[in-house]
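> Residue strings, one per chain:
There are 2 protein chains.
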Amino acid sequence: MSERIYNFSAGPAVLPEQVLREAAIDIVNFHNKGIGLIEISHRSKEFMAVAEETETLIRELMGVPAGYKVLFLQGGASSQFFMVPMNLLKKDQVATYLNTGTWSKKAIKEAKLFGQIEVPYSSEEINFTRVPADHEYTVNPASEYLYLVSNNTIFGTQFQTMPNKDAMLVADMSSDILSRSVDVSRFGLIFAGAQKNMGPAGVTVVIIREDLLERVDEAVPTMLKYKTHAKEDSMFNTPPCFAVYCVGRVMHWLKELGGVEAMAKRNQKKAALLYDAIDSSNGFYRGHAEKQSRSLMNVTFTLPSKELEADFIRKAAAQGFDGLKGHRSVGGCRASIYNAFPHEGIEKLVDFMATFAKKHQ
Amino acid sequence: MSERIYNFSAGPAVLPEQVLREAAIDIVNFHNKGIGLIEISHRSKEFMAVAEETETLIRELMGVPAGYKVLFLQGGASSQFFMVPMNLLKKDQVATYLNTGTWSKKAIKEAKLFGQIEVPYSSEEINFTRVPADHEYTVNPASEYLYLVSNNTIFGTQFQTMPNKDAMLVADMSSDILSRSVDVSRFGLIFAGAQKNMGPAGVTVVIIREDLLERVDEAVPTMLKYKTHAKEDSMFNTPPCFAVYCVGRVMHWLKELGGVEAMAKRNQKKAALLYDAIDSSNGFYRGHAEKQSRSLMNVTFTLPSKELEADFIRKAAAQGFDGLKGHRSVGGCRASIYNAFPHEGIEKLVDFMATFAKKHQ
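Sequence lines, in order, name chains A and B. In case it helps, our numbering puts the first sequence at residues 1444 to 1804. In case it helps, our numbering puts the second sequence at residues 1444 to 1804.
Quick caveat, the hints were computed from the structure, so don't treat them as lab data. Heads up, a few of these hints could be off.
Derived CB-CB ranges, DEER-like [unchecked claim]:
id, chain 1, residue 1, chain 2, residue 2, range
1, B, 1704, A, 1496, 37 to 45 Å
2, A, 1496, B, 1797, 40 to 48 Å
3, B, 1772, A, 1608, 47 to 55 Å
4, A, 1503, B, 1719, 49 to 57 Å
Result set (DMTMM-like, lysine to aspartate or glutamate): computed pairs, CA atoms no more than 25 Å apart in a straight line [stated by the list, open to error]:
id, chain 1, residue 1, chain 2, residue 2
5, A, 1488, B, 1750
6, B, 1552, A, 1675
7, B, 1533, A, 1660
8, A, 1670, A, 1704
9, B, 1555, A, 1675
10, B, 1698, B, 1676
11, B, 1674, B, 1495
12, A, 1548, B, 1561
13, A, 1534, B, 1535
14, A, 1555, B, 1675
15, A, 1476, B, 1465
16, B, 1555, A, 1653
17, B, 1791, B, 1750
18, B, 1555, A, 1660
19, A, 1476, B, 1460
20, B, 1533, B, 1495
21, A, 1476, B, 1790
22, A, 1534, B, 1787
23, B, 1548, A, 1676
24, B, 1488, A, 1754
25, A, 1534, A, 1653
26, A, 1488, B, 1675
27, B, 1476, A, 1787
28, A, 1552, B, 1657
29, B, 1552, A, 1676
30, B, 1712, B, 1733
31, B, 1698, B, 1460
32, A, 1549, A, 1568
33, A, 1533, B, 1660
34, A, 1555, B, 1660
35, B, 1549, A, 1657
36, A, 1549, B, 1675
37, A, 1476, B, 1752
38, A, 1534, A, 1654
Where is the CB? At the ideal position from N, CA and C, for every residue including glycine.
Required output: the full structure, derived from the provided sequences and hints.
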């Protein structure tokens, strides 16, 4: 095997190597039962145990209180953009959305199909370089919920603290779930595609307050009602078994490392190292996000010219730093450093950045 | 490794062992690039190549004509139950459904949310022991399409030939896709959950005639429009990468074995062996399906008593025949013998059945 490269991809993203190795064994022969993990019935006691354990670990690690369901769905976070309003809003009801990036924009577009959507804050005009503080917007008291994207993968911004408003929160946590502690009881619904901090692409975790399950209109298709999946413990139809299994293994890994609090400390150190390298480069590297809004998961920065950026990305790739090209909406570079990204990879990148800057400054 | 058991599960179901072994390697280190298959960006050239090759192989093996799109979606066949009418029907338009089992019933229920659904044939009163011949029903000429489930997993029935009616066909082929040749040009849309003949759970293949893409109402959520996925080659959002990869590996395996025609011959032989064992048991084993409707994929049968059935299933399991318990709607036993189920497993089961019958007859 060639050495593992440093994978800065925004998602699907780096996973713990031990999870990959466990999956490789179980795929061929699950628990030594003579049957592969991906060919086993989802109704078998073996797979039911996997799904239950995965849910239990998510509950434990996130501190999900009683009165909430944890669901494993398909269709990605993009399907939640319409499922949330389809299940929680009626045509004449109001919901408030904060527009802090590409994913909130897409969510707003879908929500408008289902209710009255108000957007009291948008950073679109400044290319989404920041997220708002509480005093920068008000929430219509008639709002059924306040929707936010807790971390904006593309622009590299993140809510340092969750909004403290008199409204039930709904959050797309796809790119920072389990990276820090969150008080779940403040949320009506949290969702996250797995492919950043939880596992491979193919499963979306939804955490929903149980009283919200009954809001949905009967005329909504069965598969699109949260309550369908809640009633059947996400086994109404065949779940994406392999992805659920992987999430469980990642949760085990996270627990072994000390859980979410320990992970949050690691993440702070990792991000600090990289932001320090940017801030101490005498302007050679420039962060895209405003400092108070900086993401610990996706670090976005530019170089003095497009040519230097292309050269930087090419030379970095040659040294085993993969996926540093920024999203086209921002340009420049992006280092996605989710939970499973190793600290030493950032140490090495920072060295590379210093050398590169010295040469071209 | 303990020996591989014989996995008669209805789905997720047995996969070719070589595919499991390939996946085990690629998951840890994809093409020796130092990055695992399930942590690689879906926009990487490596994964794009996987997705393209998978589509090309499906097109080649099924003989998909020009003018059709092949999509990789999520949400299982159950999501197609509503996506089909949501995309193809308007409220006042008619569609015709054949009710031949649990999955058609569910599809009819969802379709009624979107249009005028007519059901000119149902075998529900006889516990779905058969599918209709063409002369047993008529299709309203106003129908936008004629919907059928080509193989009924639970009841073990299958259309021996596709309906020959003056209507565009739409088929749920979840449990017999790629098991025999089909003239795709007679269909407006074919869909199949992967977890029987194509791969693991987590991806649904949809084959759709391109002119149908534009029928959908603009007010339908973006993710629920086929055209959204068609325009972006199933990369509008992150696809279920691992499942798509596995489908590609299964397609390779199928091609190596000679393709769909060769597979159809294998399937006929396998099923004949098992049905002969049933028919020659002097009534000890009784097939659930009428002979003209027998499925080559799911063989359903009962024994003289519930006690004998339980004993049969227990003793079979002890000898490495797994998943033979019938669905609760039929009772008895079910042997699901999809493409990847090995011939020798049926030879051994047939021996076991003969010995068991002799002892208890």
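> If a hint holds in the structure, say so; if it doesn't, say that too.
Each hint, compared with the structure:
1. A beta carbon spacing of about 44 Å between residue 1704 of chain B and residue 1496 of chain A agrees with the range 37 to 45 Å that was offered as a hint.
2. Checking the proposed 40 to 48 Å range against residue 1496 of chain A and residue 1797 of chain B shows it holds: the Cβ atoms sit about 41 Å from each other.
3. About 50 Å separates the C-beta atoms of residue 1772 of chain B and residue 1608 of chain A, a value consistent with the hinted range of 47 to 55 Å.
4. Remark: the range hint 49 to 57 Å for residue 1503 of chain A to residue 1719 of chain B is upheld by a beta-carbon distance near 53 Å.
5. Restraint check for residue 1488 of chain A and residue 1750 of chain B: the C-alpha separation of about 22 Å stays at or below 25 Å, so the hint holds.
6. This hinted pair checks out: residue 1552 of chain B and residue 1675 of chain A have alpha carbons roughly 19 Å apart, not beyond 25 Å.
7. Restraint check for residue 1533 of chain B and residue 1660 of chain A: the C-alpha separation of about 20 Å stays at or below 25 Å, so the hint holds.
8. A C-alpha spacing of about 31 Å is found between residue 1670 of chain A and residue 1704 of chain A, which places the hinted pair above 25 Å, so the restraint is violated.
9. The straight-line distance between the Cα atoms of residue 1555 of chain B and residue 1675 of chain A is roughly 23 Å, inside the 25 Å bound, and the hint therefore holds.
10. Distance restraint check for residue 1698 of chain B and residue 1676 of chain B: the Cα-Cα separation of roughly 23 Å lies within the 25 Å cut-off, and the hinted pair is therefore satisfied.
11. For a cut-off of 25 Å, the pair hint linking residue 1674 of chain B to residue 1495 of chain B stands: about 14 Å separates their Cα positions.
12. Straight-line distance between C-alpha atoms of residue 1548 of chain A and residue 1561 of chain B comes to about 40 Å, which puts the hinted pair past the 25 Å bound.
13. At most 25 Å may separate the alpha-carbon atoms for a hinted pair to count; residue 1534 of chain A and residue 1535 of chain B meet this at roughly 23 Å.
14. Taking the CA atoms of residue 1555 of chain A and residue 1675 of chain B, the gap is near 23 Å; set against the 25 Å cutoff, the hint holds.
15. Between residue 1476 of chain A and residue 1465 of chain B the CA atoms are separated by roughly 19 Å; this keeps the pair inside 25 Å, and the hint holds.
16. Taking the CA atoms of residue 1555 of chain B and residue 1653 of chain A, the gap is near 28 Å; set against the 25 Å cutoff, the hint is violated.
17. Only pairs whose Cα atoms come within 25 Å are accepted, and residue 1791 of chain B paired with residue 1750 of chain B is accepted, the gap being roughly 23 Å.
18. At roughly 15 Å between alpha-carbon atoms, residue 1555 of chain B and residue 1660 of chain A fall within 25 Å of each other, so this suggested pair holds.
19. A threshold of 25 Å between alpha carbons decides the hint, and for residue 1476 of chain A with residue 1460 of chain B the separation of about 14 Å falls inside it, so the pair holds.
20. For a cut-off of 25 Å, the pair hint linking residue 1533 of chain B to residue 1495 of chain B is broken: about 33 Å separates their Cα positions.
21. Simply put, residue 1476 of chain A and residue 1790 of chain B have alpha-carbon atoms about 22 Å apart, close enough for the 25 Å limit, and the pair holds.
22. A hinted pair counts as satisfied when its Cα atoms are at most 25 Å apart, and residue 1534 of chain A with residue 1787 of chain B does not qualify at roughly 59 Å.
23. For the proposed pair residue 1548 of chain B and residue 1676 of chain A, the alpha carbon gap of about 22 Å is at most 25 Å, so the pair holds.
24. Distance check on the hinted pair: residue 1488 of chain B and residue 1754 of chain A sit about 19 Å apart at the alpha-carbon level, within 25 Å; holds.
25. Distance check on the hinted pair: residue 1534 of chain A and residue 1653 of chain A sit about 22 Å apart at the alpha-carbon level, within 25 Å; holds.
26. About 39 Å separates the Cα atoms of residue 1488 of chain A and residue 1675 of chain B, which puts this hinted pair outside 25 Å; it is violated.
27. For a cut-off of 25 Å, the pair hint linking residue 1476 of chain B to residue 1787 of chain A stands: about 19 Å separates their Cα positions.
28. For the given pair, residue 1552 of chain A sits about 20 Å from residue 1657 of chain B by alpha-carbon distance, which is consistent with the 25 Å threshold.
29. Note on residue 1552 of chain B and residue 1676 of chain A: the hinted pairing holds, with a Cα-Cα distance of about 22 Å set against a maximum of 25 Å.
30. Restraint check for residue 1712 of chain B and residue 1733 of chain B: satisfied, since their Cα atoms lie roughly 19 Å apart, inside the 25 Å limit.
31. Simply put, residue 1698 of chain B and residue 1460 of chain B have alpha-carbon atoms about 15 Å apart, close enough for the 25 Å limit, and the pair holds.
32. Between the alpha carbons of residue 1549 of chain A and residue 1568 of chain A the distance comes to roughly 16 Å, so the proposed pair stays at or under 25 Å and holds.
33. A distance of roughly 20 Å separates the Cα atoms of residue 1533 of chain A and residue 1660 of chain B; the hinted pair therefore holds under the 25 Å criterion.
34. Between residue 1555 of chain A and residue 1660 of chain B the CA atoms are separated by roughly 15 Å; this keeps the pair inside 25 Å, and the hint holds.
35. Distance restraint check for residue 1549 of chain B and residue 1657 of chain A: the Cα-Cα separation of roughly 21 Å lies within the 25 Å cut-off, and the hinted pair is therefore satisfied.
36. Restraint check: the Cα-Cα separation between residue 1549 of chain A and residue 1675 of chain B comes to about 16 Å, which is no more than 25 Å; the hinted pair holds.
37. Our distance criterion of 25 Å between C-alpha atoms is met by residue 1476 of chain A and residue 1752 of chain B, whose separation comes to about 24 Å.
38. Note on residue 1534 of chain A and residue 1654 of chain A: the hinted pairing holds, with a Cα-Cα distance of about 20 Å set against a maximum of 25 Å.
Violated hints, listed in ascending order, are 8, 12, 16, 20, 22, 26; each of the other numbered hints is respected by the structure.
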